[in-house]
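Residues per chain are reported as follows:
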Amino acid sequence: MSDFFWPPPAPHHDAFPEWYEPPEREIGVPVGYQATLARTDELALVVRRVIAYSDGFEFILAYRTRTARYNYHWGRFGPDSWESAGADHLPDELFRIGVQFDDGRTATSLEHLGSFRPVGPAFRMRHGHGGRLWWDGCYWVGSMSPAGSITLVWEWPVAGLQIGRLELPARELREASLRSETG
Amino acid sequence: MSGLARPRGAVFEDDWGWWMRPPVNEMPGTVVPHILLARATGADIYLTEADVYSTGIRFAIVALIAADGDEEVSLLEPDGDTVHADFVLSVEYADGRRASTDDPGDPDASSPPSPIALSDIRYGGGPPRATGNYFLWPLPPSGTVTFCCSWPRMHLRAAKHRVDADVFLDAAADCERLWLPV
Numbered sequence: 008m009s010d011f012f013w014p015p016p017a018p019h020h021d022a023f024p025e026w027y028e029p030p031e032r033e034i035g036v037p038v039g040y041q042a043t044l045a046r047t048d049e050l051a052l053v054v055r056r057v058i059a060y061s062d063g064f065e066f067i068l069a070y071r072t073r074t075a076r077y078n079y080h081w082g083r084f085g086p087d088s089w090e091s092a093g094a095d096h097l098p099d100e101l102f103r104i105g106v107q108f109d110d111g112r113t114a115t116s117l118e119h120l121g122s123f124r125p126v127g128p129a130f131r132m133r134h135g136h137g138g139r140l141w142w143d144g145c146y147w148v149g150s151m152s153p154a155g156s157i158t159l160v161w162e163w164p165v166a167g168l169q170i171g172r173l174e175l176p177a178r179e180l181r182e183a184s185l186r187s188e189t190g
Numbered sequence: 021m022s023g024l025a026r027p028r029g030a031v032f033e034d035d036w037g038w039w040m041r042p043p044v045n046e047m048p049g050t051v052v053p054h055i056l057l058a059r060a061t062g063a064d065i066y067l068t069e070a071d072v073y074s075t076g077i078r079f080a081i082v083a084l085i086a087a088d089g090d091e092e093v094s095l096l097e098p099d100g101d102t103v104h105a106d107f108v109l110s111v112e113y114a115d116g117r118r119a120s121t122d123d124p125g126d127p128d129a130s131s132p133p134s135p136i137a138l139s140d141i142r143y144g145g146g147p148p149r150a151t152g153n154y155f156l157w158p159l160p161p162s163g164t165v166t167f168c169c170s171w172p173r174m175h176l177r178a179a180k181h182r183v184d185a186d187v188f189l190d191a192a193a194d195c196e197r198l199w200l201p202v
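Line by line, the protein sequences give chains E and S. The numbers in the first sequence follow our numbering, run straight up by one, and end at 190. The numbers in the second sequence follow our numbering, run straight up by one, and end at 202.
Think of the hints as simulated: they come from the structure by calculation, not from any bench. Glycine residues also receive a C-beta, built at the ideal position from the N, C-alpha and C atoms. Keep in mind that the hints are not guaranteed to be accurate.
Unchecked claim - Some chain E residues close to chain S (C-beta under 8 Å, calculated; not the full set):
no.: 1; residue: E31
no.: 2; residue: I34
no.: 3; residue: Q41
no.: 4; residue: T74
no.: 5; residue: G167
Stated by the list, open to error - Where chain E lies over chain S, by a calculated footprint (3+ residues, C-beta under 8 Å):
no.: 6; region: 32-45
no.: 7; region: 60-72
no.: 8; region: 168-174
Isolated chain E, as found in the complex:
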């Protein structure tokens, strides 16, 4: 066996690696924060219910649409994934969101999490629920920036949302993270 190729860590089909999910034994510490990312006649996108854990934080991205003119889930799943079309650019129909730490590390909803802990924060929608006119997606940011800003970045061209940025309350998040205890 060479020095380069090694058997990878066991796939996390049964047990997620610790960076993949909030710590199961923590209830988390809510940070009373809510901010509107976008509001048009057709839709609203709001960051809400931000909860800090010892090794990251999660938030709800609340999507509401008046007529379902745009599909928030477009291209996200299965055979209709935006990647399966072999696109060498990001389709305007694809909603995307990511996070940037002050040290330059980033992660976005476009990347796949694999066997190894990402260099940047783990970032993924853990779960969500909704219907034709609404969706509450719970996003996990599996790392806490040790200092400086934590910024959300989003874009959805087809819905008229050019790239937007929002600084989250980083200091409050870090302080709350330190208070998160195991139940």
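Add chain S to chain E, keeping to what the hints say.
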């Protein structure tokens, strides 16, 4: 309660059972802190994620279960189609109106089955963290809202926790109606 009208201005994706879910044209107000409802043997039970709409409260019950808990008995899921044989949650308003998950009423009813309704939305997880999601209709009057949990197989019998209704009513004031019905 037969024939109770759907609230004006509130939009639902399906008018059937509108009292069992929040309107889709509102951004709810939030109750920020988690509320520790009860401590059972080997489990702490929290009320979390309380979102307050014009028509009611969507919230989660999260049970953090000790490592040596029995996986077979520690889920919040209903045991059977209509009856919670294990974990039971009830809510009582200051005016005496009460609802319970062990008395869900007729699931095919065309109007709310009782003066208030506590509807199960979904469940997830298992030890060490189990979650149940609920919708409580309508908003409570001023006074005390009493949550009562029982979980016999976790040796928890009728643990009551009282919450000032203003916690929810203040959050309701932050609920925003985004647009009127199309």
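Outcome of the hint check:
Interface hint status for E31/E: upheld, as the beta-carbon distance to the closest one in chain S is roughly 5 Å, under 8 Å. A hinted interface residue such as I34/E counts as satisfied when its beta carbon comes closer than 8 Å to some beta carbon of chain S; here the least separation is about 6 Å, so the hint holds. A distance limit of 8 Å between C-beta atoms decides the matter here; for Q41/E the minimum to chain S is near 7 Å, and the interface restraint holds. Interface restraint check: T74/E against chain S, minimum CB-CB distance 6 Å, threshold 8 Å, status holds.
The beta carbon of G167/E comes no nearer than 16 Å to any beta carbon in chain S, farther than 8 Å, and the hint placing it at the interface is violated. For the region 32-45 of chain S, the stated coverage by chain E is satisfied: 3 residues place a CB nearer than 8 Å to a CB of that chain, which reaches the threshold of 3. Taking a C-beta to C-beta cut-off of 8 Å, the region 60-72 of chain S contributes 5 residues in contact with chain E, enough for the three needed, and the coverage statement holds. Given a C-beta distance limit of less than 8 Å, the hint that chain E covers the region 168-174 of chain S is violated, as 0 residues qualify and 3 are needed.
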